[in-house]
Amino acid sequence: MTDSKELLLGEPERVFRRDESPVLRLNEEEANALVGDPEAFDDDHRMILNMGPSHPSTHGVLRLMLEMEGETILRSKPVIGYLHTGMEKTAEGLSYLQGATNVTRMDYAAPLFSELAFSLATEKLLGLEIPPRATWIRMLMCELNRVSSHLLFQATNGMDLGAVSMMIYGWREREEVLRFFEKVTGLRMNHNYIRPGGVAADLPEGWEEDVKNLLEIIPPRLEEYDVLQTGQPIFRERLQGVGVLNPAEALALSATGPILRSTGYAWDLRRHAPYLAYDQVDFDVVVGTYGDCFDRFAIRLNEIRESLKIIEQILDRMPDGDYRIQNKKVTPPPRARIDESMEALIHHFKIFTEGFHVPEGEAYVAVESPRGELGCYIVSDGGPNPYRMHIRGPSFVNLQTLPHLMEGGLIADGVAVISSVDPIMGEVDR
Amino acid sequence: MTEEETVEETEDLIQEYSGPTSYGVPVTESHGQTVLHLMPHELLETVTLLKEEGFCMAIDVTAVDYLTHPGRKDLPDCIKPERFEVVISLINHSQGTRIRLRVQAGTDDPTVPSLFDLFPGTEAMEREVWDLFGVKFDGHPDHSRILLPDSWEGHPLRKDHDVGQIPVQFSSEVGRL
Chain D
3 MTDSKELLLG EPERVFRRDE SPVLRLNEEE ANALVGDPEA FDDDHRMILN
53 MGPSHPSTHG VLRLMLEMEG ETILRSKPVI GYLHTGMEKT AEGLSYLQGA
103 TNVTRMDYAA PLFSELAFSL ATEKLLGLEI PPRATWIRML MCELNRVSSH
153 LLFQATNGMD LGAVSMMIYG WREREEVLRF FEKVTGLRMN HNYIRPGGVA
203 ADLPEGWEED VKNLLEIIPP RLEEYDVLQT GQPIFRERLQ GVGVLNPAEA
253 LALSATGPIL RSTGYAWDLR RHAPYLAYDQ VDFDVVVGTY GDCFDRFAIR
303 LNEIRESLKI IEQILDRMPD GDYRIQNKKV TPPPRARIDE SMEALIHHFK
353 IFTEGFHVPE GEAYVAVESP RGELGCYIVS DGGPNPYRMH IRGPSFVNLQ
403 TLPHLMEGGL IADGVAVISS VDPIMGEVDR
Chain X
931 MTEEETVEET EDLIQEYSGP TSYGVPVTES HGQTVLHLMP HELLETVTLL
981 KEEGFCMAID VTAVDYLTHP GRKDLPDCIK PERFEVVISL INHSQGTRIR
1031 LRVQAGTDDP TVPSLFDLFP GTEAMEREVW DLFGVKFDGH PDHSRILLPD
1081 SWEGHPLRKD HDVGQIPVQF SSEVGRL
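As they're listed, the protein sequences go chains D and X. Sequential numbering from 3 applies to the first sequence in the working numbering. Sequential numbering from 931 applies to the second sequence in the working numbering.
A few of these clues could be false.
To be verified - Under the rule of at most 30 Å between Cα atoms (straight-line distance), these lysine-lysine pairs were calculated in the DSS-like manner:
#1 X:Lys1003 to X:Lys1066
#2 D:Lys331 to X:Lys1089
#3 X:Lys1089 to X:Lys981
#4 X:Lys1010 to D:Lys330
#5 D:Lys311 to D:Lys91
#6 D:Lys79 to X:Lys1003
#7 X:Lys1003 to D:Lys91
#8 X:Lys1003 to D:Lys331
#9 D:Lys79 to X:Lys981
#10 D:Lys330 to X:Lys1003
#11 D:Lys331 to D:Lys185
#12 D:Lys91 to D:Lys214
#13 D:Lys331 to X:Lys1066
#14 X:Lys1066 to D:Lys352
#15 D:Lys91 to X:Lys1010
Claimed, not checked - To give an idea of the interface, some chain D residues facing chain X are shown, with a C-beta separation under 7 Å as derived from the structure:
#16 Glu30
#17 Lys352
#18 Gly377
If you are wondering where the hints come from, they were derived from the structure by calculation, not from laboratory data. Quick reminder that beta carbons are idealized off the backbone N, C-alpha and C, glycines included.
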C-alpha cells in the first residue's frame, strides 16, 4: 500500500484504545453499583443512563448503556441479545431444504439475502451449478428486496429525525414492493423462496408488468423524498457532521455496507467479488465523502436508484429455462409424476422426510446485503442436516461502530446515529 | 498432557510434514477457498503477517464443536484434531482475496489469543464465541457474554448442550415466585 493511500485512509488509533475507549465495558452489576452510588462520579453532571430496549428509535430491542455528562455522551455500550432464539442451534436440527425457512427469519427486512447466502453455501458444498434463469430470478428478487429494505430505512430514519410523514411515505412504497413479493412467493416477508438448487417457483404470469409498474412509480417518489429530506436545511443540519468515521476506523472495526462506503471507501461485493450474475449488469457503487450520518442516508437513497437500474436490465435480459436445477438429488419430482410413478413418490418422500445428503466439507459464502457483508459458513458431516451453520450478520458487527460514532455527541444525535447504522435486531441477536 | 508437550508434539509433526505450506503453516483448499491450519500459539504471528500482506479486515470469527463429528478428513496430517476449532475469515481488499484460518483451540479448556489489538472489530464476534461455545480469548478487553444473560449457565452451541432442556430464566424473578 502506498503512502498516499494510507494518508487517505486516516488514522485508526481511536478504535484500538483499551483505556479511555468510548466503549463502556461494564457489566450489569458494575453499572448498577454506579447508578446507586451518589459518590460514584466527582462531577455532578455525570451519570449512567439506560436507553431501551423498548425505545421508539432503537429499531426493535436494542438497549444502550450510556455514560453521560449533561447531555453529552461520553461512553456507551450496546446491550443485545433480547431477540436471541438460538437460530444457529436450530439450524443443526433442520435439513438443508428446511434451512431456508430458519435463516429467512434473521434479517426480517431483507430476508431473501439470508436465504441466498444459505443456498449458495449449500450449493458450493454440493458442487451444483444452478440454471441461468434461477440466477437471474434470484438477482431480481434480491435487488427488489434491497429497494424495500432501503425504503424502510428512509421511513424509520425520517421518523427518528422528526420527519414523521416520511414514516408513512416510506412504508407506502415498501408495501408496493412487498405486494409483488406476495404474488411471487406467497408471503410478504419470510419468503423461503430462494432454496438450495434454485428458487421455489417460477415467476408468475404477468410479472413483467408488475416490475415495470414498480419501476414507474418508485423514481418519482424518490424525487419527493429529495424535496422532503435531502434539500431540507433542518434535516441536513441534524445529519451533517454527526457520527463521523474515517475509512481506517471502519476497516479496523470490520464495518461493511453503507457504513464502510460512507467513508469514501468503495467496497461492494457485487462489484469487487461478483456472485450470481452481477458481473453482467451495469451499476455504480455509491460512496460518501465524510463518513457522517448524512452520507449514510444519501448512500441508501441512491442505492435504491442503482438497484432500479439493475432491475431494468434484468427485465430486458431474463433468460428462459428452468427455475431450479434438474438434479434428482436435490429437486423433488413434479407433482404430476407422483400420481403415475412409484419411484417418483419414493423420491418425493425421501427428499421431504430425510432430506438430501451433502458431502463432507466446509464452505463460507458472502453476499452484499443492504446492511453489508452477509456470510454463511456451513460445516457438513455428510448427513442431511448441517453439522454447523453460522451466519455472519452485518448488523451484528456494524453495531460495534455505535460507541465510536456517538462519542462526544449529544444524546439527540445518538438517535440519528442509531438510525443511520440501520441495525435489524433479528439478525443481530439471531 | 501439558501445553508445552502439545506444542512440542505439534512441532515434531510439522517438521515431518511435507505438504504445502503458506505463511509458515499448512494450507489446504476447500471449494476454491484457501484455508490455513494452525495452533493457537501461532495465531497472532500469522495474523500479523497476513495483515502486513494486505489482509485489511477480519470479516468473521466463529467456532465449531467437533464432538459428535465422525472425523475430519480435510485436515493436513500434521494437525492434531481438537474438539473446538475457531474459524477466522480475513479479506484482502486490494486483491479481492479471502483466507480462512482454522485454529485448533483445544478440547478441555479451549483458549486462543484475542485479535483485538490487530483487528478491534473482532471484539463482539469473540464475545459471541465465548458466550455460545465457551472458547476463551486471551487478552480480550471485555471477556463477557453478549447474547445470553450474565447469569446463564453453559454454552448452548456446544454439541453436548441439548436443545429443549433448559427452562427459560428470568433473573429478576428468582425468589419472587
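Here is what the structure says about each hint:
1. X:Lys1003 to X:Lys1066: holds, 26 Å
2. D:Lys331 to X:Lys1089: holds, 28 Å
3. X:Lys1089 to X:Lys981: violated, 33 Å
4. X:Lys1010 to D:Lys330: violated, 38 Å
5. D:Lys311 to D:Lys91: Violated. Lys311 (chain D) to Lys91 (chain D) sits at ~39 Å, over the 30 Å cutoff.
6. D:Lys79 to X:Lys1003: violated, 42 Å
7. X:Lys1003 to D:Lys91: Given pair Lys1003 (chain X), Lys91 (chain D) holds - Cα atoms ~24 Å apart, limit 30 Å.
8. X:Lys1003 to D:Lys331: holds, 23 Å
9. D:Lys79 to X:Lys981: holds, 28 Å
10. D:Lys330 to X:Lys1003: Judged against 30 Å, a Cα distance of about 27 Å means the pair holds.
11. D:Lys331 to D:Lys185: Distance of about 29 Å is within 30 Å: holds.
12. D:Lys91 to D:Lys214: violated, 41 Å
13. D:Lys331 to X:Lys1066: Distance ~41 Å between Lys331 (chain D) and Lys1066 (chain X) Cα, so the pair is violated.
14. X:Lys1066 to D:Lys352: violated, 42 Å
15. D:Lys91 to X:Lys1010: Roughly 26 Å separates the two Cα atoms, so the pair holds.
16. Glu30: holds, 6 Å
17. Lys352: violated, 22 Å
18. Gly377: holds, 6 Å
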